[in-house]
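Student: Note that the protein sequences, when read in sequence, are chains A and B.
Mapped onto numbering that gives the first Met the number 0, the consecutive letters of the first sequence carry residue numbers 0 to 303.
Mapped onto numbering that gives the first Met the number 0, the consecutive letters of the second sequence carry residue numbers 0 to 333.
Bear in mind the hints are in silico, worked out from the structure with no lab data behind them.
Fair warning: there could be bad hints in the mix.
Below, computed lysine-lysine pairings styled on DSBU-like, alpha-carbon distance capped at 35 Å [as the list claims (entries may be wrong)]:
{"hint": "1", "chain 1": "A", "residue 1": "50", "chain 2": "A", "residue 2": "78"}
{"hint": "2", "chain 1": "A", "residue 1": "59", "chain 2": "B", "residue 2": "175"}
{"hint": "3", "chain 1": "A", "residue 1": "218", "chain 2": "A", "residue 2": "4"}
{"hint": "4", "chain 1": "B", "residue 1": "175", "chain 2": "A", "residue 2": "78"}
{"hint": "5", "chain 1": "B", "residue 1": "49", "chain 2": "A", "residue 2": "184"}
{"hint": "6", "chain 1": "B", "residue 1": "188", "chain 2": "A", "residue 2": "78"}
{"hint": "7", "chain 1": "A", "residue 1": "4", "chain 2": "A", "residue 2": "50"}
Among chain B residues calculated to face chain A with C-beta under 10 Å, some are [to be verified]:
{"hint": "8", "residue": "282"}
{"hint": "9", "residue": "285"}
{"hint": "10", "residue": "288"}
Chain A is nowhere near these chain B residues, computed Cβ spacing over 12 Å in every case [what the hints assert, rightly or not]:
{"hint": "11", "residue": "62"}
{"hint": "12", "residue": "63"}
{"hint": "13", "residue": "73"}
{"hint": "14", "residue": "92"}
{"hint": "15", "residue": "98"}
{"hint": "16", "residue": "151"}
{"hint": "17", "residue": "192"}
{"hint": "18", "residue": "199"}
{"hint": "19", "residue": "215"}
{"hint": "20", "residue": "233"}
{"hint": "21", "residue": "286"}
{"hint": "22", "residue": "321"}
We put the CB at the ideal spot given by N, CA and C, even for glycine.
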Amino acid sequence: MFFLKRLLFLIPLLLVISFLAFGLMRSAPGGPFDSNRVPATPEIERALRAKYHLDEPLLKQYVRYLGDLSRGDFGVSTKYRNHTVNDIIRQALPVSLTLGGLAFCFALGLGIPCGVVMAIRRGQWADHALGLLSLIGVCLPGFVLGPLLVLGLAVRLDWLPVALWESPLHFVLPTVTLGLLFAGKVARLVRESMTATLQSEFIIAARAKGLSESAILIKHALRLALLPVVSFSAPMLADLLTGSFVVESIFQIPGLGGFFVNSSLNRDYPLLMGLVLLYAALLLLFNLAADVLLVALDRRIKYE
Amino acid sequence: MSEKEVESRKLGVEKTLDGLPGAIPQLSTNRAQLHLTPNQRSWLRFRRNKPALLCLVFLALLAPLVAAWPLVAPYAANAITDEQFQPPIWKHWFGTDVHGRDLLTRVFYGARVSLLVGVVGAGVALVIGVTWGAVSGYVGGRLDGAMMRFVDVIYSMPSIIFLIVLLTTLRATVAKWLINWFGPEAAPKSHLLLLVIGLGALSWLPMARIVRGQVLSLRQRAFVDASRALGASHARILWHHILPNVWGIVIVYLTLTVPSVILYESFLSYLGLGIQPPMASWGSLVAEGAAQINPVQIYWWLVVFPATTLVLTLLALNFVGDGLRDAFDPKGQT
Chain A
0 MFFLKRLLFL IPLLLVISFL AFGLMRSAPG GPFDSNRVPA TPEIERALRA
50 KYHLDEPLLK QYVRYLGDLS RGDFGVSTKY RNHTVNDIIR QALPVSLTLG
100 GLAFCFALGL GIPCGVVMAI RRGQWADHAL GLLSLIGVCL PGFVLGPLLV
150 LGLAVRLDWL PVALWESPLH FVLPTVTLGL LFAGKVARLV RESMTATLQS
200 EFIIAARAKG LSESAILIKH ALRLALLPVV SFSAPMLADL LTGSFVVESI
250 FQIPGLGGFF VNSSLNRDYP LLMGLVLLYA ALLLLFNLAA DVLLVALDRR
300 IKYE
Chain B
0 MSEKEVESRK LGVEKTLDGL PGAIPQLSTN RAQLHLTPNQ RSWLRFRRNK
50 PALLCLVFLA LLAPLVAAWP LVAPYAANAI TDEQFQPPIW KHWFGTDVHG
100 RDLLTRVFYG ARVSLLVGVV GAGVALVIGV TWGAVSGYVG GRLDGAMMRF
150 VDVIYSMPSI IFLIVLLTTL RATVAKWLIN WFGPEAAPKS HLLLLVIGLG
200 ALSWLPMARI VRGQVLSLRQ RAFVDASRAL GASHARILWH HILPNVWGIV
250 IVYLTLTVPS VILYESFLSY LGLGIQPPMA SWGSLVAEGA AQINPVQIYW
300 WLVVFPATTL VLTLLALNFV GDGLRDAFDP KGQT
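For reference, chain A alone in the conformation it holds in the complex (with noise of 0.2 Å):
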């Protein structure tokens, strides 16, 4: 019940992003039709405004494009303007949704075994090899891994390809570039909550019921260790499924991440409100999902 109200109130929420976001960008200087972005006359100038209704007043462009967004139409981009904003979503959000999964995947895969080694053998080698690598990872950029990656993997050894989406193969080196960083992050997370879970005095009453070590890892401390990876994972997971804009350029993957950079530079209004709207609605839906994720592994967290 909590969580519908919560799911409804989604909406207004989203209606005040929408109304911030139009209003931060025309109130930035500048329009898609300037002329040095679009040279031509006045008159065709005009006509394109009008085209568009950016001629109209802004409180009535903001009600416009509410109605269609009522009917699920985003509009027309004005940069690229053959395609609808529906379109360009509807052919790039796959791509960005299956590197953010594998991303995701990765990250999850290889950051949470790795702080629960980090946790069990606390202040021994594993833990500080493991510690400085996880480390190593939060501080290396998409725009330095990347291309040491290519150097190294594609150019130097030619075990994978150095760009393009086709084929699986084609799908480990972006995956490894973006998840790495998370992958970091999660580990040091499971490593700090881990840590404190096991010195907490349930985990003391388990021992003591004489449980095996490894339930009582896997079923009882890692149960709540991940609590704080849930809610991390959240906006995480929106980052990752909307596309990165250095991992698409560096392995020219035709995804959503560029478009948030292009729509922006280029003053695509009708693109921007776009993905403004996605990303908000993906954050929102997910940090809505983990809140209902925590409750589930842990009983005692009650919402009013």
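Keeping the supplied structure of chain A fixed, place chain B upon it in accordance with the hints.
Tutor: Coordinates of chain B only, in the frame set by chain A:
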């Protein structure tokens, strides 16, 4: 705690911080530590963390070198020569780039930008983030709700879009303001100032959340009720009683804010949205180097040296941040 006691506590900490090794008596037993303040104990714990201490020394050596770089640099900032793409040799330790510029010189000029941006970003997080979080958490109720929803809304916009739009909105204003105040020769600096403002606008958000959470729980504690009963004003309670308990965690997150702001700046400069040529930052240097990568001829030094400096500095900052966090952790061992 009286004002005098607060003063003496502060002094005590400063004394320890400045103290030479050995100035503090050997404090390995718990009994000898009884008279120490929590901050002194944290500092002791930090000093036992050798990697973190080493990184702090590294940063302490790097910072003055970077600050004084224009005085000691072997070459002028943008001295163009005929010696293009020289690999590292004695004359050019880091090699030279496409215009024959000395890379060592450029990496350290880049460090000035990157570190400046990081420090200012952390400063904004300190001033705005702490104030915002403290007021929100202390006042509570509707104001708290409104202030935190504001943070949430900025959070739920894609940061890159928010930043680009913000930067373009402010560009003309900042340039005009700069020229009015410092004359036309300051105009090239407007990109840097703008970058600092934009990154500052994002960097305070996590800090506000953290401080608000802390203040929210501290506000309920008995010592706050006690000082209110004694007639202390709200400002006094907040400043003298609540915030001293928050500084530890604030310092920790500040050390972690610096690397994240540097990382974001290098990302922006990599995209070409940050620092503009001929100025350089670590991100733009890596981007220039990466642009020269081709299968025929690899100018590895153009990528390796800026990237290594960037990653090493980030590592050191994170190590210090981690060390401080462990040291300030109330559950930590003494």
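Student: Hints the structure violates: just list their numbers, smallest first.
Tutor: 7, 16, 21 and 22
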